[in-house]
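Trainee: One letter stands for each residue in the lines below.
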Amino acid sequence: MSQHFPALLVTVPLLSALLISIVGWLYKRLCFPIAVAALSVTAYSSVGLLLSVMHEKEILYRLGGWEPPWGIAYRVDHLSALVLVVVSVVGLLNLIATQKSIQEEFPEKTGAFYTLYVLLITGLLGIVVTGDVFNLYVLLEITALTGYGLIAMGEEHAPLASLNYVYMGTIGACFYLLGIGYLYISTGSLNMADIASILPGLYDSRVVLAAFIICMVGVCLKMAFFPLHTWLPNAYTYAPSAVSSLVAPLMTKVMIYVMLRLMLTVFTPVFTFSRVGLSDSMVWLAVIAIAMGAVLALAARDMKRMLTYVIVAEVGYMVGGAWLGNRAGMTGAILHIANDALMTLCVFLAVGNIVYKVKGYAFKDLQGMFRKMPYTMSGLVAGALSMVGVPPTCGFFSKWYLISGGVQAGQYGFVAALIFSSLINVILFFRIIEIGYYEPFGADHGQGSSRVRTAEAPLTMVIPLLIVAGGLVMMGVYTGDIVAHVIAPVVPPALGN
Amino acid sequence: MSNLLSSIVDNYNYLIYIILMMIGLYAMIAKKNLVKKIVGMNVLQTAIILFYVSIGAKKGATIPIIQHGHGEGAHEMGASVIKAAEYINPLPHVLMLTAIVVAVATLGVALALAIKVYDRYQTLEEDEILAQIREK
Amino acid sequence: MDTIVSIRPLVAVLVSICAVPLLILSKRSNIRETWTFAAAVAKFLIVLSMLPAILNGSQIVYTLAEVVPGAAIKFRVDPLGMLFALVASSLWIITSAYSIGYMRGLQEHSQTRYFCFFALALSATIGVAFSANLLTLYLFYEMLSLATYPLVTHHQDEEARASGRKYLTYILGTSIGLLLPAMLISYNLAGTLEFARQGFLAGTCSKGLVAMLLVFFIFGFAKAAVMPFHGWLPAAMVAPTPVSALLHAVAVVKVGVFSIVRVLTGVLGTDLLSSLDLGLVICIAASFTIIVASLIALSQDNLKRLLAFSTIGQLSYIVLGVGLLSPKGMTGGILHMAMHAFGKITLFFCAGAIFVATGKRNISEMVGIGKRMPLTMAAFFIASLSIIGLPPTGGFLSKWYLVLGSLEAHQTVILVVLLTSSLLNAAYFMPIVYRAFFNPPDGNAQDTGIQEAPLFCVVPLTVTALISILLFFYPQPFFRLAQMTVRAITGG
Amino acid sequence: MRALGIIVVILTGAVLLYALGDFPSWADPTSPAHKHVSPAYIEKSLEQTSVPNIVTAVLADYRGYDTMFETTVIFGAGVVCFFLLRTPRKDRARVRRYRHVLTGMTIRVKETRKTPLVLEEFERIDTLWAPHDLIIKTACRILIPFIQLFALYVIAHGHHSPGGGFQGGVILGASLILLAISHDLRTALGRMSERLHAILCPIGVFIYAGTGALCLALGFNFLDYGALARILHVDPVTARSHGILIVEIGVGLAVMATMVWIYSNISSKGKYDEGL
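Protein chains in written order, with numbering that gives the first Met the number 0: chain A, 0 to 496; chain B, 0 to 135; chain C, 0 to 491; chain D, 0 to 275.
It is possible that some hints are incorrect.
Using 25 Å as the maximum straight-line C-alpha spacing, the simulated PhoX-like pairs for lysine-lysine come out as follows [to be verified]: (1) D/34 <-> A/27; (2) C/165 <-> A/363; (3) D/43 <-> D/136; (4) B/135 <-> A/363; (5) B/82 <-> D/34; (6) D/270 <-> A/27; (7) D/34 <-> D/136; (8) B/58 <-> B/82; (9) D/109 <-> B/82; (10) B/31 <-> D/268.
The calculated label-pair distances, taken between Cβ atoms and stated as ranges, are [claimed, not checked]: (11) C/54 <-> A/56: 52 to 58 Å; (12) B/129 <-> D/87: 27 to 33 Å; (13) B/31 <-> A/363: 32 to 38 Å; (14) A/484 <-> C/490: 48 to 54 Å; (15) B/4 <-> C/203: 57 to 63 Å; (16) C/44 <-> A/480: 51 to 57 Å; (17) C/358 <-> B/129: 42 to 48 Å.
Coverage of chain A stretches by chain C, computed from C-beta distances (three or more under 8 Å per stretch; other residues unrestricted) [said to hold, decoys possible]: (18) 377-389; (19) 403-417; (20) 422-430; (21) 466-472.
Simulated from the structure, these hints should not be mistaken for laboratory data.
Every residue gets a Cβ at the ideal spot worked out from N, C-alpha and C, and that includes glycine.
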């Protein structure tokens with residue numbers, strides 16, 4: 000069985016997505032259980048995959064039994080296994096956490112919703128496992144399409160935001176497609192490993208350079224890297240809370256993964272860091288991204304929008320770390336993919352609970368929240384601390400690696416940007432926490448505070464949130480092991496140690 | 000420089016695709032009308048399809064369908080006589096079948112979204128929509 | 000110097016965290032207070048159980064997890080940490096008794112939250128005391144900052160909000176803005192963060208860099224309230240008095256100075272500092288703080304604010320003592336941690352007791368209060384003696400050693416500073432006591448005979464006052480621990 | 000905006016032109032694209048899959064995994080359109096219009112729970128009613144069967160001639176859409192209800208993915224049609240060609256259904272009563 004994990008990983012959710020869409024027309028109530036079952040299988044097999052990868056180096060799976068480069072092959076190494084686990088676990092937790100709000104928001108279209116939800120997860124997983132650049136494009140489009148649909152069902156300006164996302168996303172995808180076209184024309188292959196083995200002879204070819212640049216632009220568009228981030232805030236703000244708590248943690252992170260995959264596997268590290276003279280400018284762009292993200296977040300007037308700009312900043316973290324071109328930076332970037340996914344999920348779930356309860360996510364809706372929804376707020380605080388980077392939450396440790404990478408690379412601008420954004424995060428989140436904490440109080444500090452009743456969200460929403468919050472700390476405490484056993488093998492020796 | 004020119008001249012098809020693609024890109028960025036943007040999007044995708052297909056071309060080769068050998072057991076006798084040079088490269092065409100389908104799907108979704116947008120604002124002109132949003 | 004591997008340090012840290020769920024779950028307040036006491040006593044006993052081993056010159060080590068290569072979450076109990084832990088954990092018992100009296104006396108709201116975060120803060124304090132490397136120290140330092148925020152802003156009104164903001168801005172701002180970079184730079188220089196006998200930075204970097212790191216560290220630990228980063232301490236006085244007492248006379252501020260001492264000795268190393276004679280920098284900053292703080296204290300009318308400024312001054316004594324880099328000076332400084340703790344907490348208790356009994360905050364209203372609350376004011380008198388540094392109180396010893404240290408280091412200027420500040424201390428404490436006892440209460444408040452605060456308040460402050468006398472005669476084990484620390488550092 | 004567009008276009012164009020210099024000249028048989036992977040397809044496909052149409056072989060077998068997801072993309076698009084546009088029951092049109100064929104007078108009927116009147120001298124009409132052109136109607140009615148026949152041919156003959164699931168599926172879909180245009184949406188939906196094509200479309204994809212999963216179940220790799228030999232009692236190579244056929248049928252179904260689904264959603268804004 001275990002050698003078929005890679006196939007199961009993608010086919011099980013795919014088949015169940017189809018099943019859901021059929022069942023949705025016959026017997027709606029079954030949709031949710033099927034989705035849960037599917038994603039549990041996925042989570043199980045992805046964890047199994049991670050463990051088996053940790054033993055033998057990397058797993059190759061030939062689809063259709065054809066030898067790569069003629070057939071399509073899965074290639075699962077430590078990096079992809081890690082991201083797989085993150086994606087499937089986040090997807091599962093969010094699925095369970097948001098069941099209630101889905102029932103409320105789409106009473107008639109639950110079938111369609113869960114179909115798209117599971118398809119989205121399928122696409123993300125596929126992107127992560129595949130070892131073929133064109134296959135990656137197809138899966139990219141699956142995630143994109145389903146994403147458009149899910150986002151557009153939000154309130155007020157959601158369709159417009161989603162349409163803009165369609166434009167930007169399509170441009171990004173087209174650029175990526177064009178890039179791999181250039182790769183194909185110069186190497187004649189579509190298999191990542193194969194391309195990587197052919198490229199060294201072609202380092203000086205302009206076509207390869209152009210291919211690299213075009214692909215990078217495309218991917219940067221998709222992951223909302225600073226100058227190209229314009230679509231993200233609206234899309235994620237207006238999306239239904241159940242959706243934004245799915246796409247916000249996963250989409251950008253998986254795109255970061257794609258970038259790393261291109262940098263490290265397809266275009267070999269040697270080419271990326273020594274032949275393409277882009278490292279410094281990318282790091283500086285990242286610095287700007289972080290700074291702008293922080294500043295724009297300050298200007299935001301509601302929680303969701305604020306968080307979306309925080310995401311823009313976080314993308315800057317990872318891109319910057321990856322382009323520092325040293326071991327610490329790369330480790331930090333990879334570690335931050337997992338950590339950031341978790342903490343983004345945490346804060347968005349908390350916001351989701353609040354929206355479910357008070358039907359709003361403006362700052363003022365938070366008044367007296369600590370008394371109304373203590374557990375949700377504690378979850379929010381945990382996420383906030385992780386975003387700020389307070390030990391022992393995991394956010395601190397990835398920041399640790401990123402900063403020390405910056406110090407080693409002598410990129411003090413990057414270090415400064417990271418510190419700056421942590422300080423801004425303190426302001427951002429404590430502004431929220433203050434509003435929630437200081438209720439409109441009477442003059443007396445007596446027992447007058449029982450005016451606000453406790454009205455916590457249902458358990459199915461609170462428990463996953465608290466699990467995630469706990470996970471933040473666990474990730475932090477076990478950072479050492481994760482780095483040693485999962486991330487260290489990924490970082491290419493070309494980046495020194 | 001001269002070799003650049005010559006390469007451009009005998010690669011005029013690539014030149015055409017670049018021009019097409021730029022048109023599409025420009026439309027997507029500069030046009031105010033949402034449907035015009037969608038049209039631009041399709042032009043962009045078509046340009047890339049053109050690019051791929053022209054990769055597949057091969058001098059003195061025909062379409063990649065093996066003339067002889069029909070039905071069952073054709074492979075035993077068919078195998079030996081086939082030469083790669085006689086048939087054009089099938090791979091780009093395969094890829095483009097996929098790309099076309101993806102383009103269609105994207106178009107469908109984009110149109111659906113456009114309809115929703117129109118329902119909400121009673122217009123498809125971006126600046127008018129933004130004006131509406133602002134005054135709210 | 001043998002090392003024992005034992006989980007006890009971790010337990011000592013965790014015991015009060017484990018108490019938190021119990022506190023939340025306990026329905027009736029008596030049960031809740033029982034749990035608090037249980038946790039406090041347990042903590043103290045665990046700490047105490049490690050004392051003999053430490054006094055025998057061995058140290059206790061426990062590693063939780065290797066988070067970053069060269070920097071684990073690791074605990075190490077050594078004399079310095081033990082001294083601090085003893086002070087903090089013993090005072091927690093007394094304070095929890097006091098806070099029961101205080102909170103009930105004023106019928107404060109959401110007491111459960113109060114006790115929970117109090118417990119958390121204590122865990123953090125002990126964690127800092129026992130941390131074996133900079134990372135662990137930073138971890139608990141931040142934990143303390145966040146755990147104390149709800150305590151400081153307990154009243155949840157506008158004033159609390161403002162001062163809460165100030166508190167966070169100073170504490171988190173400095174720790175993220177200065178401390179974190181300093182820590183990471185030193186990590187990348189030395190590849191480790193383990194506290195070493197003579198620091199791990201020796202010989203890894205230039206003088207300029209060391210100086211920069213020194214500045215970053217000293218101001219980065221804003222809890223030590225070295226000027227100009229002292230503003231949060233007076234602001235934080237909006238907190239309920241027990242909080243101010245334990246946290247702002249003992250736990251938080253002492254954590255600040257303790258961390259500075261740790262960094263000066265364990266990270267930068269005294270030899271490195273003296274070789275680059277950077278000790279002077281510290282001394283100047285400290286002396287400046289001492290004098291200015293005392294002068295400001297003179298002009299305060301709100302008793303708690305006065306105490307706050309006096310604390311700011313006293314803290315810099317400790318920094319100064321270590322900054323002298325002379326064995327006796329260091330002994331004095333470290334000893335002062337304990338002595339000042341007992342003295343200052345008594346003073347805060349008194350202030351609180353007065354507020355509970357009479358609702359008075361300002362000194363000007365406390366004329367003749369000695370007749371109503373003789374016990375309290377007696378304790379106040381003793382404690383102020385200890386702060387000024389006169390026998391027969393513990394404060395005398397520490398100050399004496401500081402003086403010796405300044406002589407040893409041939410820093411007559413410092414000597415002058417010390418004496419002046421003592422005079423200033425006297426100048427702002429004695430009038431209070433004098434007016435309290437010998438001035439008649441002003442007309443409208445007629446003499447109502449003896450009217451002390453509730454027993455839960457009075458007993459603790461009497462105890463602490465007595466302890467600070469006791470420490471004059473029997474300064475053990477604190478004195479021993481201080482000496483051991485210094486010997487370990489100087490190797491002499 | 001316009002300036003930005005120009006800048007972007009110029010930058011991108013510059014990069015592309017810059018790369019153009021190192022392109023292999025067009026249609027050069029020795030360029031890497033033709034040397035590395037593709038020759039194997041051309042030379043081996045017939046003997047490995049016994050499918051003369053190399054494109055079909057590569058599409059459905061060598062890179063069958065791509066194609067599966069390509070079908071999934073179509074399916075996804077269908078679901079998205081439905082998800083976005085289909086109007087919830089509560090705010091669907093409550094009014095129906097009928098026209099008395101002989102007199103040409105129209106009546107509005109409030110929709111009620113019980114089935115509305117059906118008399119042959121009344122015909123249901125759209126709000127914007129234009130008299131249907133008899134010629135078009137008849138022509139289409141004659142044409143559509145042939146179109147569908149051709150579609151089936153295209154699907155079935157994809158092994159030997161240009162064609163396959165997608166092409167055939169699109170033609171099938173087109174035939175139904177033609178029906179909807181020439182008559183009206185209701186007639187088309189009468190032939191093939193919403194629920195039917197909404198279910199057919201996942202079933203189509205299911206045939207594809209299911210075939211793959213079947214191979215998995217038979218202990219081979221996913222989508223390794225060679226496994227089907229055991230069931231179909233033929234040699235693995237023929238099994239592959241059969242597998243391709245099965246898959247193509249699935250694709251055809253999915254594409255056809257989705258096309259109709261998307262059309263009926265977009266053309267009626269999800270109301271499903273009045274199309275174009």
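Trainee: Evaluate each hint against the coordinates.
Mentor: Here is what the structure says about each hint:
As the CA atoms of residue 34 of chain D and residue 27 of chain A are separated by approximately 53 Å, the hinted pair breaks the 25 Å bound. Among the hinted pairs, residue 165 of chain C with residue 363 of chain A is consistent with the structure: their alpha-carbon atoms are about 22 Å apart, no more than 25 Å. At most 25 Å may separate the alpha-carbon atoms for a hinted pair to count; residue 43 of chain D and residue 136 of chain D exceed this at roughly 49 Å. Proximity of residue 135 of chain B to residue 363 of chain A is assessed by CA-CA distance (about 19 Å); at most 25 Å being required, the pair is judged to hold.
Proposed proximity of residue 82 of chain B and residue 34 of chain D is supported: the alpha carbons are some 12 Å apart, at most 25 Å. Among the hinted pairs, residue 270 of chain D with residue 27 of chain A is consistent with the structure: their alpha-carbon atoms are about 21 Å apart, no more than 25 Å. Note on residue 34 of chain D and residue 136 of chain D: the hinted pairing is violated, with a Cα-Cα distance of about 53 Å set against a maximum of 25 Å. This hinted pair checks out: residue 58 of chain B and residue 82 of chain B have alpha carbons roughly 14 Å apart, not beyond 25 Å.
Using a Cα cut-off of 25 Å, the hinted pair residue 109 of chain D and residue 82 of chain B is violated, with the two alpha carbons roughly 71 Å apart. Among the hinted pairs, residue 31 of chain B with residue 268 of chain D is consistent with the structure: their alpha-carbon atoms are about 23 Å apart, no more than 25 Å. The supplied range of 52 to 58 Å is met by residue 54 of chain C and residue 56 of chain A, whose beta-carbon atoms lie about 53 Å from each other. Separated by about 29 Å at the C-beta atoms, residue 129 of chain B and residue 87 of chain D satisfy the suggested range of 27 to 33 Å.
For residue 31 of chain B and residue 363 of chain A, the Cβ-Cβ distance of about 35 Å falls inside the hinted range of 32 to 38 Å, so the restraint holds. A beta carbon spacing of about 40 Å between residue 484 of chain A and residue 490 of chain C contradicts the range 48 to 54 Å that was offered as a hint. The supplied range of 57 to 63 Å is met by residue 4 of chain B and residue 203 of chain C, whose beta-carbon atoms lie about 59 Å from each other. Checked against the given bound of 51 to 57 Å, the beta carbons of residue 44 of chain C and residue 480 of chain A, roughly 34 Å apart, lie outside it.
Our hint of 42 to 48 Å for residue 358 of chain C and residue 129 of chain B is violated, since their Cβ atoms are close to 60 Å apart. Taking a C-beta to C-beta cut-off of 8 Å, the stretch 377-389 of chain A contributes 4 residues in contact with chain C, enough for the three needed, and the coverage statement holds. Residues of the stretch 403-417 of chain A lying with their CB closer than 8 Å to a CB of chain C number 4, which satisfies the three-residue condition for coverage. Here the stretch 422-430 of chain A counts 3 residues with a CB under 8 Å from a CB of chain C, which clears the bar of 3, and the coverage holds.
As drawn, the stretch 466-472 of chain A meets chain C at 0 residues by the rule of a beta-carbon pair under 8 Å; below three, the given contact is violated.
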